[in-house]
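As given, the protein sequences belong to chains A and B, one line each in that order.
According to the numbering used here, the first sequence is numbered sequentially starting from 1.
According to the numbering used here, the second sequence is numbered sequentially starting from 728.
Here are the simulated lysine-lysine pairs, DSBU-like style, with alpha carbons at most 35 Å apart:
#: 1; chain 1: B; residue 1: K736; chain 2: A; residue 2: K239
#: 2; chain 1: A; residue 1: K276; chain 2: B; residue 2: K763
#: 3; chain 1: B; residue 1: K763; chain 2: A; residue 2: K258
#: 4; chain 1: B; residue 1: K792; chain 2: A; residue 2: K239
#: 5; chain 1: A; residue 1: K266; chain 2: B; residue 2: K736
#: 6; chain 1: B; residue 1: K763; chain 2: A; residue 2: K214
#: 7; chain 1: A; residue 1: K214; chain 2: B; residue 2: K745
#: 8; chain 1: B; residue 1: K796; chain 2: A; residue 2: K230
#: 9; chain 1: B; residue 1: K771; chain 2: A; residue 2: K150
#: 10; chain 1: A; residue 1: K484; chain 2: B; residue 2: K792
#: 11; chain 1: A; residue 1: K258; chain 2: B; residue 2: K745
#: 12; chain 1: A; residue 1: K174; chain 2: B; residue 2: K763
#: 13; chain 1: A; residue 1: K133; chain 2: A; residue 2: K201
#: 14; chain 1: A; residue 1: K234; chain 2: B; residue 2: K745
#: 15; chain 1: A; residue 1: K201; chain 2: B; residue 2: K745
#: 16; chain 1: B; residue 1: K745; chain 2: A; residue 2: K231
#: 17; chain 1: A; residue 1: K258; chain 2: B; residue 2: K796
#: 18; chain 1: A; residue 1: K239; chain 2: B; residue 2: K763
#: 19; chain 1: A; residue 1: K125; chain 2: A; residue 2: K276
#: 20; chain 1: A; residue 1: K129; chain 2: A; residue 2: K43
#: 21; chain 1: B; residue 1: K745; chain 2: A; residue 2: K484
#: 22; chain 1: A; residue 1: K270; chain 2: B; residue 2: K736
Which chain A residues stay away from chain B? Per the calculated CB distances, all over 10 Å, these:
#: 23; residue: L216
#: 24; residue: G309
#: 25; residue: D312
#: 26; residue: S327
#: 27; residue: M487
#: 28; residue: F488
#: 29; residue: G547
#: 30; residue: Q553
#: 31; residue: L559
Listed below are several chain A residues computed to face chain B (Cβ distance under 8 Å; list not exhaustive):
#: 32; residue: R98
#: 33; residue: S246
#: 34; residue: Y253
#: 35; residue: R284
Simulated from the structure, these hints should not be mistaken for laboratory data.
Bear in mind that the values here come from a model prediction, so they are computed numbers and not experimental data.
The C-beta atom is built at its ideal place from N, Cα and C for all residues, glycine as well.
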Amino acid sequence: MEIRAALAGNPNCGKTTMFNALTGANQYVGNWPGVTVEKKEGKVRTKESKEEKIKVTDLPGVYSLSPYTLEEVVSRDYILNEDPDVIINLVDATNIERNLYLTTQLTETGVPVVIALNMADLIRKRGMKIDKKRLSELLNCPVIETSALKKTGLKELIEETVCTVKSGEKSIPKAIFSKELEAAIRAVEELLPTWIDERKKRWYAVKLLENDRKVLENLKMSGESLKAIKKMRKAMEEKHDDDMESIVTDERYQYIQKVVSDTVQKGREKLTVSDKIDRIVTNRFLGLPIFVFVMWVVYYVSVTTVGTGMTDWTNDVFVVSIQDAVSGFLGNIGAGSLITGLVVDGIIGGLGAVLGFVPQMAVLFLLLSFLEDCGYMVRIAFVMDRVFRHFGLSGKSFIPLLISSGCGIPGIMASRTIEQDNDRRLTIMTATFIPCGAKLPVIALMGGVIAGEAAGYAESSFIAPLMYFIGIAAVLISAIILKKTKMFSGKPAPFVMELPQYHMPQAKTVLLHVWERLKGFMIKAGTILFLACIVMWFLGGFGFSDGKFGIVQDSANSLLAMIGGALAVLFKPLGFGEWQPVAAALSGFTAKEAIVTTMGVLANVSGDVEDTVNVAGKVAAWFPSAMAAFSFLLFNLLDSPCLAAIATMAQQMQSRKWFWFAVVFQNVFAYVVSLSVYQIGTFVLGGAFTVGTAVGIAIAVILLILLFRPDPYKNKKIYSKRSVQAA
Amino acid sequence: MERTLGSAKVGSTVTVIKIEGDGAYKRRIMDMGITKGSRIYIRKVAPLGDPVEVTVRGYELSVRKEDAKCVLVETV
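Only chain A is shown next, with the shape it has when bound in the complex:
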């Protein structure tokens, strides 16, 4: 027999750690509320009896089973429709009052509940005492003390879970509300369709009283019954001068307060270490400087020191030695130059460029994961909310943007926690404006070209910070412009967010998290990029010369040159009308770092194509001026991200219409901004006034009008749609 157990609990209660401890699956613990949105499953095999298998489904962390967020709906749908044998409800003992709120809703569903009173070790440390036995009696379900982190109480929890299911008791949920409300619930239960299981009746009755639309739709009850329920609801609402949902919530918390005062003995009130840290970190005066300092450390370490050192080693030593070895091997077995070219330059060279990037990303992910796990990331949202609200976004949008500076894919995925649909879409659309790790080599190369055009070839240092600044500005500008359109209008999203206690992340979970993200990146490298490398090699190496199709010596005759040349005319107004940069920009859709390798290949650079100074000198020939090179960089910063990120966008948008809107918006935005900057810039730097200049100025004026016009929907009272309603 297989037992199906659902693991449910609030965000930040240690649920993912518990899931890992129970199943040993590769999971990740984060502090950003609602990180475990996907359905995750794992198997527990109890030692006691080999036949009893438990399949655990990790439900998303939720505060309630109300129908207002995607996570909540996922959880309740699973519990009601999939009908698991048992719910393991993880309750954070240090935060018992709010955690029990969900418990009262879970027990209502009629599915047997086993409570895992987690972080039991912290309770004793704080001098608190919880009467387990009494709690179990009051809540009518077994209570087991556990510590997922220290792996204590797990065996008992598993035993109790098996025991609860085996006993087969299908208890009817307890009455916990006031006499008045209970009477109403009983009356509604009578009206329910007969096919509903006796033990589930209470849940439906409460939901019908609350006027829960999702439940109403499912039940398809007769008009008469609905009228009767409405009458009852009206009567109570009038009497209490409040809406029914609030009355029920109120009564739930009143009941919990009674339970808690009956079973919990509070310890001495003293500041925990977390409180002390928080006093400094989100301090009125120190908060911002600390934030800036932390960000600086993250980027300094990952981008300029450790990461780069490791990346250089991978590129210059590791990849080159593989290339040498493979070309030696291929030479020995007598492979033709065609095959050698494909394998050594096309595949290893292309993938090597990506691989060289892994150490830098690993360091960045490591630091970001640490910040996320220890609880600082949420504080950043707290500190930055004021700034983002000004632009119509919430502090929660900042986290996806921050993660996007490592890689756009986890960045876009992190947008799931944004409750408001509009904000979430906006964040998905704009997150990749922030230069991701893969754009860094492009910035380095083009920085060299720009500086070279201006003052001799050298790596320039001001371009990278400028690009981050432009990326952030692009996000904010798009946010303002889009927020003033009808489809994104609406009152700003409410910002209600738990600030969980700080804690030292477990090395294991941080590393697992880093590994998971890197794995995604490397899989991308192994699949999409692998193909892209071959395709680019083919397009760049083959073509028509002397009227025949075949290998071409001069890349100007290649297929890539044909495609690039055909599109080049489009980019003439942006300053880069040569086929090479256009072809490079095209290759950027496979992976942004491919721009550098493509340019290196097209420029016929001998030696290391990643050596930016080396490449920059030759690449510069394609750009008439520093402004043109800058425009190229700008376009590649703002246009659609790589294919893998585009696929993630499609998946997260969950709407074809919105996905295409995002793609079109990104590319049009990139195009007009680059055009405007190039044309105006060229004129300012002493160029003649041309039609292009006029167009550039016109675009700038239109953008400014869109930016500064009064918001036509300013007085719109309705909140924009929440994610779940839109879904």
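Got chain A; can you put chain B on it based on the hints?
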């Protein structure tokens, strides 16, 4: 003295009298434990003056001042 959670002073403790507002948002605030009669300690204000951090039911919650306006409170 009656006023809103948004205007409550840092360092003070207040009791909730009534929560105004519409369905989803009101429900969210209440789900998080801000219900009639609950005690709220105003812990601090973010560096840029908003949002506020409060302690309710033994944990920390951050709410924007604007959003906290719908929570009517009285000083304890």
